[in-house]
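One line per chain: the protein sequences are A, B and C, in this order. Here this note's numbering = 1-based position in the first sequence + 98. Here this note's numbering = 1-based position in the second sequence + 2. Here this note's numbering = 1-based position in the third sequence + 178.
Wrong hints could be hidden among the right ones.
Unchecked claim - Derived DSSO-like pairs: lysine-lysine, alpha-carbon spacing no greater than 30 Å straight-line:
| # | chain 1 | residue 1 | chain 2 | residue 2 |
| --- | --- | --- | --- | --- |
| 1 | B | 84 | A | 539 |
| 2 | A | 569 | A | 541 |
| 3 | A | 223 | A | 189 |
| 4 | A | 189 | A | 301 |
| 5 | A | 569 | A | 350 |
| 6 | A | 350 | A | 223 |
| 7 | A | 541 | B | 272 |
| 8 | A | 382 | B | 84 |
| 9 | A | 225 | A | 350 |
As the list claims (entries may be wrong) - So these bits of chain B aren't anywhere near chain C, every CB distance computed over 10 Å:
| # | residue |
| --- | --- |
| 10 | 29 |
| 11 | 91 |
| 12 | 228 |
| 13 | 326 |
| 14 | 353 |
To be clear, the hints were calculated from the coordinates, so they are not data collected in a lab. Just so you know, these numbers come straight off a predicted model, no measurement behind them. Glycine is no exception: its CB is placed at the ideal position from the N, C-alpha and C atoms.
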Amino acid sequence: MAEPILTVRGLTVDFQTNDGVVRAVKGIDLDVRPGETVAIVGESGSGKSQSMMAMMGLLASNGRASGSARYRDQELIGLSDRRLNRVRGAKITMIFQEPMTSLDPLYRIGRQIAEPLVHHGGYSKAKARPRVLELLRLVGIPDPERRIDAYPHELSGGQRQRVMIAMALANDPDILIADEPTTALDVTIQAQILKLLADLQTKLGMAIVFITHDLGIVRRFADRVYVMRSGEVVEQGQTETLFTTPGHPYTKMLLAAEPTGRKAPPPANAPVLLEGRDVEVSFKIGGGFLAGPTVYLRAVDHISLALRRGQTVGIVGESGSGKSTLGRALLRLLPSRGSIRFETHDISNADRDDMRPLRRELQLVFQDPFGSLSPRMTVGQVITEGLLVHEPSLPARERDRRAVEALREVGLDPVMRNRYPHEFSGGQRQRIAIARAMILKPKVVVLDEPTSALDRSVQKQIVDLLRTLQKAHDLSYIFISHDLAVMRAMADYIIVMQRGRIVEEGPTEEIFDAPKDLYTQTLMAAAIDQTRFRQTA
Amino acid sequence: MTEVPASAVAPAPGEEPQVVGRSPWQDAWLRLRRNKAAVTSAVVLFVLMLLGFVGPYLTPHAYDQIYPQYVRVPASLEAYPKEDAIVPAFQSALERARVTIGEIEVDGSTVRAPISSEEALDPRIVRYVDRSDLFENARIEELSGDGRSGVMAADVYRLHFYFGTDSNGRDLLARILIGLRISLAIGILASVMALLLGVTYGAVAGYFGGRIDNVMMRVVDILYSLPFIFFVILLVVFFGRNFVLIFIAIGCTEWLDMARIVRGQTLTIKRQEYVQAAEALGVNTGGILRRHIVPNLLGPVVVFVTLLVPKAILLESLLSFLGLGVQEPLTSLGLLISEGSANLRGATWLLTYPAITLTVLLFALNFLGDGLRDALDPKDR
Amino acid sequence: MLSYVLRRLASAIPTMFIIVTLSFFMIRLAPGGPFDIERPLDPLILENLNKAYNFDKPLWQQYLLYLGNLLQGDLGPSFTRRDFSVVDLFSTGLPVSIQIGLSAIVIALILGTTLGAIAALRQNSLTDYGVVGVATLGITIPTFVIAPILSLAFGVMLGWLPAGGWGTWQHMVLPVATLALPQTAIVARLTRGATIEALRSNHVRTARAYGLPPFVVVVVHTLRAAILPVVSYLGPTAASLLTGSVVVETIFGIPGIGRYFVQGALGRDYTLVMGTVVVIALFIIVFNLIVDILYALLDPRVRYD
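Here chain A stands alone, though its shape is the one from the complex (with noise of 0.2 Å):
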């Protein structure tokens, strides 16, 4: 085995905080060797980033690194910036999370990928140019005779990572550093990001740390993985050893994390609650006085859909595709044309006065743990605001013991009522918002992306918690999510849109096995590994 040319030895990172110091990398050892491919796995907080940026000198003003990191000869931790600024962007290079707001939002991107060049690479401005359309080129960014004078905003955000990529690669480095960089990305697209940093390590033969959540993407791109949690390496080794013969507990945890189990269908007799006739919902884009003719968005384009009692449609598409705008609709918190049908009830005009009374019926979760949950009021407050509306006359002490209920149901403890929302965890504040919407005893919750913002244990759990309410309530669901693994374990029914059109719509285990259209077959494509892997394990 070849040489490592990165060797971490005890690395550890601390922040100053106003509770005193935090320790979020405890002390980790890591080595990679040229050409290969490690992955650092790990749910948030893991410390799995920090390690890295403690590396490169990106750690924020109140944080410390001690220990060693090596590349090469050189030692990397408490190296001046001036000497460490001789191998960041030039032997080690990263990428990030964030394309969006990763480069400079006031530079052409032709600019800011030759910095790197004309700072470590030798080359003059007008020298640079012919090697950044080169690598333009390389990592696939179309038509870069033009691409090259844009600025970043005016490109999407898969293109603003190959822009990021084309920058990490400018001056053919050692190790490419990427962290996270296809988790803000939709699936189809990190699916090409990924494809794109595998042939390009076999066509350039640089080493990549991959700092990642998703197991998926290790299975299918690692040689070797670190497991990291609350800041140690819990274990490592061979990706297919660790996958096949996982030893410790927690990898264990994170390999069975994946939901799992399927959702039945419901008796074909089950009455229709929820009934969307070519519903069609318009924003407004630019316009208005003075500025010309005004234009109109069509977020969701003539959507029909119907949901019976006891049944879990899911909505699947990719960021812009209108799905959230459809569920928002459908419960009429948005003004749609077309024809929706509650039971017995017309809804297609109803305002907000005539909804009050079916609210508590048609109940919604939002993907945000962290913003659907009002800062100021307690969790008791939280939960029992429907309760001040739906049942005014309600005494204090009842609505206190129902609050008590719903908790329990969601399976917090109840002592916690009097606590404010920012002093729960991600995953607990999403079970609030459950319990908020489960304390009125609704028919039909539309769940906006309720698990996306989590982790993939908690993830886990949260599906199971819906299942469960599911089939003790006999509730029916609009799941909409781009999670594929998570929309199979859920649904019992899909459609899929892109653009506000479906696309395709079908029981889960079909559009699952046999998707007709091209798009949906893409869709699947992106996440066929995960699949693959969920199967073996």
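Given chain A's structure and the hints, the job is docking chains B and C onto it.
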């Protein structure tokens, strides 16, 4: 991270342990208490407010009391009159009584001089002495048998002017304290006024949005293009100079910023998912405003108000400086500074003390405002 | 871009119209008139004066007359300075005010951004605390305190500079310093805050991760972003500084237009007050437009078309 229940101990049936959380307000309070500059400012501010509201009752001199003999005397910790001023003052008082004066002796707090006259001494001449601010209890002692000579004695009336006196002979300390009171009162009242106007206007525009918002903000834009002083001067010219008018005028101009901030915040909060969640629960407009929008607006509003108070005080001072503020004999820090800068040559204390007071006040308010902002908006740390 | 500018200028016309109308009626509704300030005039003379200045006509006619004159660039005669028209007064006073205001802005901009950036780059150091302290002081002490102190210290006691008046460049030093000081302080604070925020942004992290030299990281990738809030602050501020500061012009005895406002309002010099309102509002509108254009030039994400 694995999901762990918030508390492992399940409550025993019937009795529940009370777990009380730390609200965002309490968090902010803790952060504020750690900020030394803000805490010091709060203490200074408290002392200044106490001085402004109670101080004028405690000073030995009323703010409008005039001491003609003590015009523009410098600040001093010693009592007036100064020793070397006693004899000449006594002399000049006695000269007015047209008597022959012997040697004047000062003994502690009494002053004596043998006096004599061609005719019998009129006992009423003590008035000449009493009339001076320096002496009291004047009397003729050791009157000779023929009544033509005796000793004029008087107690020296000692006065303290720690900050000196102004060009009308009024105690500067008393005037600064009353000025502090007026400035603080105008600053606070004007801010309350701006707060009420701005929050209502901004919240309405932001919450209803659309065309209402467009029109309402257009009005604000137009008012912005009107120079502030124009507006104030007009009001003052309209209704004359009085206390109420000044804080209304300042409040009426300062609410624009508040309206903009509140509108922006309302728009942001309105887009938050918790507001959408409340709508999905069927909560009506009033409930959403009361339970979700207003409590979350409070943070930025509180911060802005603490920065608004010094601004209002500064504006009031500017108006007073231009001669459009409160009227004599009432005063404000701005008016005192204006008088001080007019008398800068020869009577620097007239500028120094009011200026220091105003600066300390504004400093404390600014630091407290900064501290509050850091405490309430922790993303800045 | 050009069409945007034209559109903005077009939308300024109704704004100006409202402002003129509003202030015209407000000042005319105020009690008192331009001729009853000093000793009472002979009724006959008063009547003639009123006739000469159209005060005998109904208010709405006077308003239309004023609007008509305004469209031709005529702001009317001044009542308190009867030998001059308002346009005359502005054409002599405005250059003086602009000269002082512009110098103060340039100084504040250069000094403020430099100090603010240095403080931000050395955050929590003694330099930082020093800059923040001085900036707070500069914001806190009102100009009407600074002005007499400077005038006394450098004009009277040291005798280095004239304590007041107008003519040579020496006359400019103290007023410009007085005006520039608080603005420098505000700009420094703004720059510091924005720089600290920019330094924490992801794209600056990228620049550092790619080992770019400190100069490039700071000047190219941080300061350009940090200057944006300063630009939006300086717009309205420039408008108010260029149209003269009452305090500075009064204390240093400078013949700018800042003084006209207070004098005009107190003397019921309707035309002078109206003229000042028009000029100030015009400056505010123009400078807001300049800010928006500058913003678009500095930030490619902002587009106006």
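How the hints compare with the structure:
1. Proposed proximity of residue 84 (chain B) and residue 539 (chain A) is contradicted: the alpha carbons are some 87 Å apart, above 30 Å.
2. Distance restraint check for residue 569 (chain A) and residue 541 (chain A): the Cα-Cα separation of roughly 12 Å lies within the 30 Å cut-off, and the hinted pair is therefore satisfied.
3. About 21 Å separates the Cα atoms of residue 223 (chain A) and residue 189 (chain A), which keeps this hinted pair within 30 Å; it holds.
4. Between residue 189 (chain A) and residue 301 (chain A) the CA atoms are separated by roughly 17 Å; this keeps the pair inside 30 Å, and the hint holds.
5. Between the alpha carbons of residue 569 (chain A) and residue 350 (chain A) the distance comes to roughly 28 Å, so the proposed pair stays at or under 30 Å and holds.
6. This hinted pair does not check out: residue 350 (chain A) and residue 223 (chain A) have alpha carbons roughly 52 Å apart, beyond 30 Å.
7. Simply put, residue 541 (chain A) and residue 272 (chain B) have alpha-carbon atoms about 27 Å apart, close enough for the 30 Å limit, and the pair holds.
8. Taking the CA atoms of residue 382 (chain A) and residue 84 (chain B), the gap is near 82 Å; set against the 30 Å cutoff, the hint is violated.
9. Using a Cα cut-off of 30 Å, the hinted pair residue 225 (chain A) and residue 350 (chain A) is violated, with the two alpha carbons roughly 52 Å apart.
10. For residue 29 (chain B), the condition that its CB be more than 10 Å from all CB atoms of chain C holds, with the nearest at approximately 21 Å.
11. No beta-carbon of chain C comes within 10 Å of the beta-carbon of residue 91 (chain B); the shortest separation is about 31 Å.
12. Distance check for residue 228 (chain B) against chain C: the nearest CB is about 6 Å away, which does not clear 10 Å, and the non-interface claim fails.
13. A Cβ of chain C approaches the Cβ of residue 326 (chain B) within 10 Å, the least distance being about 8 Å, so the stated non-interface status is violated.
14. Remark: the non-interface label on residue 353 (chain B) conflicts with the geometry, its nearest Cβ contact in chain C lying 6 Å away (cut-off 10 Å).
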